[in-house]
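Residue strings, one per chain:
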Amino acid sequence: MNFSFTDEQDQLRQEARAFLAQHAEPTWSELAELGWLGVSIPEEQGGAGLGFLEEAVLFEELGRALYSGPYFATVGLALPALGDEQLARVAAGDERWSAEVDGLVPDLATVDWVVTDDGAARAEGETLPTMDETRPLGRLANGDRTPLPGSLDRPRTLAALACEAVGIAQQVLELAVEYAKDRQQFGRPIGVYQAVSHKLADTYVETELARSLAYWAAWCVAERDEQAPVAAAAAKAFASEAAVAACERAIQVHGGIGFTWEHVLHRYYKRAEWIDAFGGHAAVQRQVVAAHLLD
Amino acid sequence: MDLRDTAEEAAFRAEVRSWIQENVPDELRGHRGGAARFEGEALRAWSRALSEAGYPGLTWPVEYGGRGAPYSFQAIFYEEMARAEAPPHVGVIGLGMAGPTIMAHGTEEQKSRYLAKILSAEEIWCQGFSEPNAGSDLAAVQTSIELAPDGTRFVVTGQKVWSSYAHIADFCILVGRGDPEAPRYQNLTYVIVDMHAPGVEVRPLRQITGEAEFNEIFFTDVDVPRENLLGEIGQGWQVAMTTLLHERATLGFALTTTLEVGVRKLLALARERGADDPLVRDRVAREWIELQALKYTNYRALTRLMQTGIPGPEGSGVKLHWSEQNQRLTKLALELHGPEAQLLDGETGGYWQFQQLRSRGNTIEAGSSEVLRNIIAERVLGLPRSR
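Sequence lines, in order, name chains Z and S. Each residue of the first sequence is one higher than the one before, counting from 1 in our numbering. Each residue of the second sequence is one higher than the one before, counting from 1 in our numbering.
Calculated from the structure, these hints are not laboratory results. Positions of the beta carbon are idealized from the N, C-alpha and C atoms, including for glycine. Be a bit skeptical, because a hint or two may be false.
[As the list claims (entries may be wrong)] Per label pair, the in silico range of CB-to-CB distance:
{"id": "1", "chain 1": "S", "residue 1": "379", "chain 2": "Z", "residue 2": "35", "range": "31 to 41 angstroms"}
{"id": "2", "chain 1": "S", "residue 1": "210", "chain 2": "Z", "residue 2": "195", "range": "32 to 42 angstroms"}
{"id": "3", "chain 1": "Z", "residue 1": "183", "chain 2": "S", "residue 2": "135", "range": "26 to 36 angstroms"}
{"id": "4", "chain 1": "S", "residue 1": "14", "chain 2": "Z", "residue 2": "142", "range": "57 to 67 angstroms"}
[Unchecked claim] Covered stretches of chain Z, as calculated for chain S (at least 3 residues, CB under 8 angstroms):
{"id": "5", "region": "32–40"}
{"id": "6", "region": "63–69"}
{"id": "7", "region": "104–110"}
{"id": "8", "region": "173–184"}
{"id": "9", "region": "232–246"}
Using the sequences and the hints given, assemble the complete structure.
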């Protein structure tokens with residue numbers, strides 16, 4: 001039993017965090033050069049031939065950085081449906097993909113192709129006003145569908161979202177802790193008040209629990225373990241609610257400034273809500289778990 | 001990352017599983033716990049059987065009679081005990097707290113006198129930390145541990161409370177005030193007290209469940225030989241922190257495995273009574289999900305401990321979350337009984353009613369939830385001290 005990342009995976013995390021700290025909105029070709037688009041794509045198709053655990057590290061770091069490009073759409077959603085030539089173009093940064101889930105397509109306007117139940121479609125249609133403006137949802141126009149060799153992998157997508165949610169929860173926790181150390185009221189930093197500090201302790205505990213579930217789900221996906229569907233549903237349910245609660249508490253701890261448009265917190269909050277909604281809210285995921293346990 | 005057992009772990013798991021299967025007496029299987037678990041010859045016999053098979057002290061160094069096994073073996077042992085619903089060893093205070101503290105701070109004489117008999121279950125230990133006026137604030141203990149003028153012994157006077165196993169214990173790890181003039185955190189002394197010495201009186205403390213699981217201990221001019229000192233006079237706080245560190249290092253797994261038993265029983269109950277109700281399904285799923293969250297958090301903490309030898313921060317929230325989840329789980333189980341939840345002689349024989357009442361203590365004992373949140377806020381998150 002060994003529940004830790006390898007040194008190489010930890011190094012990937014450090015590199016990703018350092019890069020994203022310098023480049024808040026990397027371009028797609030930068031992601032291709034970094035090799036992030038082809039992490040799990042075989043070397044014959046120009047990828048790194050690694051696995052989902054390395055991708056899980058990147059989903060978490062991109063969630064933490066609130067990255068707004070179609071990385072989740074391409075790598076977290078569409079990848080398992082694609083054939084070799086398409087994978088080669090993804091690894092090279094030449095094609096961006098998304099997928100239609102529950103009638104909605106994330107990042108429709110910024111991808112080239114969309115995976116549907118009936119095959120690949122050109123990314124044409126209407127982008128809808130979306131609460132999380134940085135990851136808008138769209139509806140596909142009718143059009144031709146080209147057959148695809150694979151299909152979507154729901155546990156993999158849910159595990160990716162759980163990892164993003166952990167990154168969000170960790171980042172807003174750190175923002176709130178720094179603010180509580182800094183902000184003075186009644187002559188003392190507000191972090192001395194237990195009404196503040198205990199909220200943040202709760203966020204810490206929930207974030208660690210969410211992290212454990214997300215990494216468990218990621219391992220199950222990487223190893224094609226039979227528990228992957230239930231592990232991913234469990235992780236997505238808990239991590240998305242933990243991320244939303246972390247954002248809510250962070251906003252509360254920040255007081256008025258946390259409620260403003262200029263502060264970054266509302267964008268994390270909206271992303272957390274996006275993650276909770278996509279593929280079914282936590283209650284929907286718990287019904288999947290319940291069916292596994294009770295039926 | 002590999003969540004499967006290694007070959008050695010798998011072999012150990014198989015060995016433990018079949019040993020428990022063959023040895024746990026039927027009348028102890030699925031025992032609901034409570035005060036009765038400390039009494040009766042069956043439990044002592046079971047503990048001695050565990051000791052003879054070499055399961056206590058798995059992670060203790062070989063030189064002290066342990067197996068020197070990795071922490072993962074301890075986790076596997078807990079998991080298999082829970083799977084079989086086998087009751088724990090009666091010597092848990094000695095094994096989990098007194099033993100590791102003696103190994104860390106004890107003299108060679110103390111190590112050879114006490115450790116082997118902790119492992120063999122010949123001697124049972126209890127803990128004398130909390131007092132009526134010193135609960136979360138351990139440094140405020142009032143029990144006096146005064147060095148006699150001749151310097152050969154201490155005289156102990158005071159009252160301790162919430163002491164599990166004191167009524168069957170042979171020894172007590174006791175923290176008291178060694179130097180009333182010294183500043184806070186430098187005024188405590190830590191000694192081993194013979195529970196059969198004159199002046200020691202144990203009274204059962206009847207709790208919310210109606211049972212007497214804990215005790216009060218009264219010490220009246222009890223003579224304690226100087227060789228029973230652990231650490232130095234005035235270093236009691238530092239020694240006590242070692243005890244609590246060990247309590248918390250192994251506690252997560254033990255607690256989570258008891259919750260696993262509860263969740264398994266809850267699932268059986270839900271299948272029997274409410275498996276179609278979407279609200280019940282949602283709540284049952286939540287309990288199962290959060291059990292997995294605790295379990296895998298323990299695995300992360302365990303991996304860190306095995307790789308670095310130092311417990312990481314991952315586990316610091318496990319007890320906090322476990323206690324609150326256990327309270328919620330027992331309430332849910334009772335709700336599934338409907339209005340008959342009040343009946344103690346129903347089909348489950350008062351099991352869930354007992355568990356619900358007992359669970360109220362979970363957020364108080366072994367670090368109250370308020371203290372644990374302070375610890376996380378200050379030591380893990382680095383927020384300013386509230387006191």
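For each hint, the structure was consulted:
The supplied range of 31 to 41 angstroms is met by residue 379 of chain S and residue 35 of chain Z, whose beta-carbon atoms lie about 38 angstroms from each other. Our hint of 32 to 42 angstroms for residue 210 of chain S and residue 195 of chain Z holds, since their Cβ atoms are close to 36 angstroms apart. A hinted range of 26 to 36 angstroms holds for the C-beta pair residue 183 of chain Z and residue 135 of chain S, which are about 32 angstroms apart. The hint said 57 to 67 angstroms for the Cβ distance between residue 14 of chain S and residue 142 of chain Z, and at roughly 59 angstroms that hint holds.
Look at the region 32–40 of chain Z against chain S: 0 of its residues bring a Cβ nearer than 8 angstroms to a Cβ of that chain, fewer than three, so the hint is violated. Taking a C-beta to C-beta cut-off of 8 angstroms, the region 63–69 of chain Z contributes 0 residues in contact with chain S, too few for the three needed, and the coverage statement is violated. For the region 104–110 of chain Z, the assignment as covered by chain S is violated, since 0 residues bring a beta-carbon within under 8 angstroms of that chain's beta-carbons and 3 are needed. With 4 residues having a beta carbon nearer than 8 angstroms to a beta carbon of chain S, the region 173–184 of chain Z meets the requirement of three or more and the stated coverage holds.
Three residues within the 8 angstroms Cβ limit are the bar, and the region 232–246 of chain Z against chain S gives 3, so the coverage statement holds.
Consistency with the previously given hints fails for numbers 5, 6, 7, ordered from lowest to highest.
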